[in-house]
Structure formats: C-alpha cells, structure tokens
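A.B. asks: Sequence:
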Amino acid sequence: MLNEIMYVTIYVTDQDRALEFYTEGLGLEKQLDFPGPDGRFLTVGVPDSPVQIILWSHAPAAGQPGGTGAPGPLILESKDLRKDFEIMRRRGVVFEEPEPVDYPFGVRIEAVDPDGNRVSLRQQRKS
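For the sequence shown, UniProt numbering gives the first residue as 1, with consecutive numbering after it.
Hints should not be assumed to be uniformly reliable.
When the alpha-carbon atoms are kept at most 25 Å apart in a straight line, the in silico DMTMM-like pairs for lysine to aspartate or glutamate are as follows [unchecked claim]: (1) K30 <-> D80; (2) K126 <-> D115; (3) K30 <-> E110; (4) K126 <-> E86; (5) K30 <-> E4; (6) K126 <-> D84.
Since the hints were made in silico from the structure, they are not lab data. All of these numbers come straight from a predicted model, not from anything done at the bench.
Using the sequences provided together with the hints, build the complete structure.
C.D. replies: Printed below as a string of structure tokens:
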C-alpha cells in the first residue's frame, strides 16, 4: 500500500523567481536542485517534513485553478498565521485579502506566487 506523499508539483515559468518567492517570501527551504533529463529538478519544503514541493518549469497558467474560490494547488499550515502573515507581507508576499480571515476550522489567507498560483495558508482552530 502507499504510505507517504513524496512530492507535489507547482508549475512555474521561472524557477529562480519561484525559488526566491517560496524561500525568501514564504520561508520554505530549498531541498533539491539538479539538472535532469527532462529539466531542472528543484524542490522546496518545510524543514523536517517528508513532503517536498517541486517547482517545475512549465508554460504560463499550467497549474492555475479554474476560478475564484477554488483551492490553490498548495495548502501550508502555520501555528501562528497572523504573525507569519505580517512577516511575509513585509517580505513582499502578495495576498488576496488584506488580513487573515476567521473560519469555523481556524484562520486562512491566500497568497499568490509570481505566476499567479494561489497558495492557501491555514491555521487550525485551537482547542
């Protein structure tokens, strides 16, 4: 049986620009970066997480969601989203809303990467 998620893919038009957004903007770590037979294999991730995000070079809008309200291809969790939001905003990250929004499950806000991919940032409700 399958036992773990290894990778998820975000399609980007410029891998270096995407790497800067996901590391310097969102605070993820670069994990793998090497040339492959099909192109540069570049990943980022949360420290100590087995899941890595592939930043794969592709045509514009290849991985974009279908419309407003659709979840983005990536959902990241924070223990203190409002604090992290302020840090990311100072780093130049663009958000769809002016502030994180409270929901029954917790708090959320949508960031947008340089290619227009929506990145959902969430914090679970504290019990």
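A.B. asks: If a hint holds in the structure, say so; if it does not, say that too.
C.D. replies: Hint check:
For the suggested pair K30 and D80, the alpha carbons sit about 22 Å apart, so the restraint of at most 25 Å is met. Of the pairs offered as hints, the one joining K126 and D115 is violated, with about 33 Å between alpha carbons and a cut-off of 25 Å exceeded. Simply put, K30 and E110 have alpha-carbon atoms about 22 Å apart, close enough for the 25 Å limit, and the pair holds. Distance restraint check for K126 and E86: the Cα-Cα separation of roughly 20 Å lies within the 25 Å cut-off, and the hinted pair is therefore satisfied.
Only pairs whose Cα atoms come within 25 Å are accepted, and K30 paired with E4 is accepted, the gap being roughly 20 Å. A hinted pair counts as satisfied when its Cα atoms are at most 25 Å apart, and K126 with D84 qualifies at roughly 16 Å.
Violated hint: 2 only; the structure is consistent with all others.
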